[in-house]
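Kindly produce the complete structure, drawing on both the sequences and the hints.
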Amino acid sequence: MKKLLSTVACGIVAMTFGQAAFADPDNNNLTVEGMAISTDAKAMAGGPLDQLFSGWRFRASETQSLQMDDFDNPSFVFVEDGEALYDKVDGSEGKACSSCHEDVAEFKDLRPTLPRWNEAKGKLYSMEQYINDCRVDRMGAEKWKWTGTNMTAMTSLISLQSRGMPISVATDGPVADILSKGKEIYYTRVGQLDMSCANCHEDNFGNMIRADHLSQGQTNGFPTYRLKNAKMNSIHARFKGCMKNIRAKPFKPGGAEFQALELYVASRGNGLAVESPSVRN
Amino acid sequence: MRSIAIAAIGAAFFATAANAAEVAPDSVAFGTDGIVAASLTGAAGDPANGKSVFVNRKLGNCLACHVNSDANEHSFHGEIGPSLDGAASRWNEAQLRGILVNSKMTFEDTMMPSFYRLVNGERTMDKFAGKTILTAAQLEDVLAYLQTLK
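Protein chains in written order, with the numbering used here: chain A, 134 to 414; chain B, -8 to 141.
Any given hint might turn out to be false.
With a cut-off of at most 20 angstroms between alpha-carbon atoms, the simulated DMTMM-like pairs for lysine to aspartate or glutamate come out as follows [claimed, not checked]:
(1) A:Lys385 - B:Asp117
(2) A:Lys276 - A:Asp223
(3) B:Lys49 - A:Asp345
Just so you know, these hints were derived from the structure itself, not from any lab.
Right under this line is the structure:
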């Protein structure tokens, strides 16, 4: 019996191996508006992945091409909403974002570093929190919902300023504990289907899961326009969707768990170019 | 006429007996290497219904991960697990039942879900908590279908 099992197991290994070659990401190159954007990167030594690939490399060519021209990219409708919101006075102080940050291009180094430790607040900060702090403390306006349309319009506009720059979140110092919490979540099997993020995005990237070509689940393209729901999707909304698919109770968007996961997943993609706002299915 | 009546009574009796004999998820008896010898319902499954459970995305959803040429009328077969073509020539009934009931008893740490187990991953959604993915009858039906994949 044992022998039979191991013979079969060998067969499985051989098959998986055979598939791995066939199931690589494609070799297409991404240029956006004539600018070449690298969609792979060498991973840091000692990490779980050898080679990093953007999710773009796993999408069908029709979906890929939507991201190569800002005119075709449906995200830009939302980026325009973000531009309008950027200049819109809101709240008791009579201010807009542009009252303090005249040109949104000044945020061009921001996206690759987030989430990061906010020394003044003594906690990990995502872009959404910086935006809401400005709204509440400086504008006297209401907070935006983490995954809401105003918020994703704004995070899309701000992330766009860093397009092409390599993700480089800090993993040491005060965030080290949060990073390991995120890692624990990444490898914990959850839900009735009993799977971890790693089952799909580390062990099986490149393989088809029914009609979906599994990517490494990188976050360099976020916020991303999804053909599935025709809107911009935040990182936390994507995490929530993946957890629901395996019949697990998602953590709260904007909560400590998803933030820790956001940091850990970003760190797995350190070196990949920011593609936001990207297009996925 | 008489014998038909007796047969009918016999069938009815067996159906009741089968229900009573249904093995609860937490009392399934596993043998060596995760095999499960006895039918969970006490009866043989229905292969035709088994195929519908197999392809149904809310039930078996087996095509998410496996190629199966016998279901080629459905597009998009996953490639996470091995092809199930010829599965019944590689595995006997008790082995296949074991793989379906709790795949982890046969393949350590496998990604394949366990279809007849009460406690699965952490944070299981309330509406699925304490429930099995398939019922005993659905599982026996899928098993009967797998046995046709020679």
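Now for the hints, and whether the structure bears them out:
1. A:Lys385 - B:Asp117: holds (16 angstroms)
2. A:Lys276 - A:Asp223: holds (11 angstroms)
3. B:Lys49 - A:Asp345: holds (17 angstroms)
No hint from the list above goes unmet by this structure.
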